[in-house]
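A.B. asks: Okay, here's what each chain looks like letter by letter:
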Amino acid sequence: MSEPVDSDLSASPEACADPDASTGSADPSDFVSVAATTFTTVFLAELGDKTQLAALLLSAESGRPGVVFAGAALALICSSLVGVLLGRWLAAVLPAQRLERISGVLMVSLGLFLGGQASLGLLRPVIDLPNP
Amino acid sequence: MQLPLLASTFLTVFVAELGDKTQLTIVTISGTSSNTLAVFLGSAGALVLASLLGALAGGSLSSVIPADALQLAASLGFLVIGLRLILRSGTDAP
Numbered sequence: 001m002s003e004p005v006d007s008d009l010s011a012s013p014e015a016c017a018d019p020d021a022s023t024g025s026a027d028p029s030d031f032v033s034v035a036a037t038t039f040t041t042v043f044l045a046e047l048g049d050k051t052q053l054a055a056l057l058l059s060a061e062s063g064r065p066g067v068v069f070a071g072a073a074l075a076l077i078c079s080s081l082v083g084v085l086l087g088r089w090l091a092a093v094l095p096a097q098r099l100e101r102i103s104g105v106l107m108v109s110l111g112l113f114l115g116g117q118a119s120l121g122l123l124r125p126v127i128d129l130p131n132p
Numbered sequence: 001m002q003l004p005l006l007a008s009t010f011l012t013v014f015v016a017e018l019g020d021k022t023q024l025t026i027v028t029i030s031g032t033s034s035n036t037l038a039v040f041l042g043s044a045g046a047l048v049l050a051s052l053l054g055a056l057a058g059g060s061l062s063s064v065i066p067a068d069a070l071q072l073a074a075s076l077g078f079l080v081i082g083l084r085l086i087l088r089s090g091t092d093a094p
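So the sequences go chain by chain: P and D. Heads up: the first sequence begins at 1 in our numbering, then just goes up one per residue. Heads up: the second sequence begins at 1 in our numbering, then just goes up one per residue.
It is possible that part of the hints are untrue.
Pairwise CB distance ranges, derived in the manner of DEER restraints [as the list claims (entries may be wrong)]:
no., chain 1, residue 1, chain 2, residue 2, range
1, D, GLY90, P, VAL93, 20 to 26 Å
2, P, LEU122, D, LEU87, 37 to 43 Å
3, P, LEU94, D, ALA7, 32 to 38 Å
4, D, LEU3, P, TRP89, 43 to 49 Å
5, D, ALA69, P, ARG98, 32 to 38 Å
Reference listing, derived: stretches of chain P covered by chain D, where coverage requires no fewer than 3 residues with Cβ under 8 Å from a Cβ of chain D [claimed, not checked]:
no., segment
6, 30-41
7, 66-76
8, 95-103
9, 106-114
These are calculated hints, taken from the structure and not from any lab test. The beta carbon of each residue, even a glycine, is placed where N, CA and C say it ideally should be.
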């Protein structure tokens, strides 16, 4: 399963056509690759996330997917805003090197935990074969 | 307007997301990237699209998406970002 390589994104010239797209960071293609990396990771994590079912069930019960989507979308935008602001605050109070190391270790352990859970989930049908 | 339904969905999803691994990912990426707007747009866009799929498909989505396979792909993404951060923290000037 090839990892979504976003290096070709930064090669595309039109990515830096819009001057005000780059906020502060000189390199707009960095903007695109950061946004793309974040999008891919968060999207995969969220789609595979069991808690996503909370919104699904509400939507199925209520029969008003439009309202459920509005509520869920608003909540998710607020929660990602909280996450982004928290990240910025951490970056302001912690030395960059330490924050990077802590974040790196956190992400690796999260990846190992999730990967382990997922592979167990995938292997479960193989493991408990119905004994005759 | 279905305010009670809107409010209950908002609260359910917001509380479910608090401290969720998705939010941890967003905190980590935004804390270690100078591009805050890019991180916000990327994460908010991903979450909204994921919930759009969820709301549209109603209960049937869970039978359609291979949650474990997606989780495995996401975990690879976490590992890549995490290792890149650890390597970068090693090369930074102390």
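A.B. asks: What are the numbers of the hints the structure violates, in ascending order?
C.D. replies: 2 and 4
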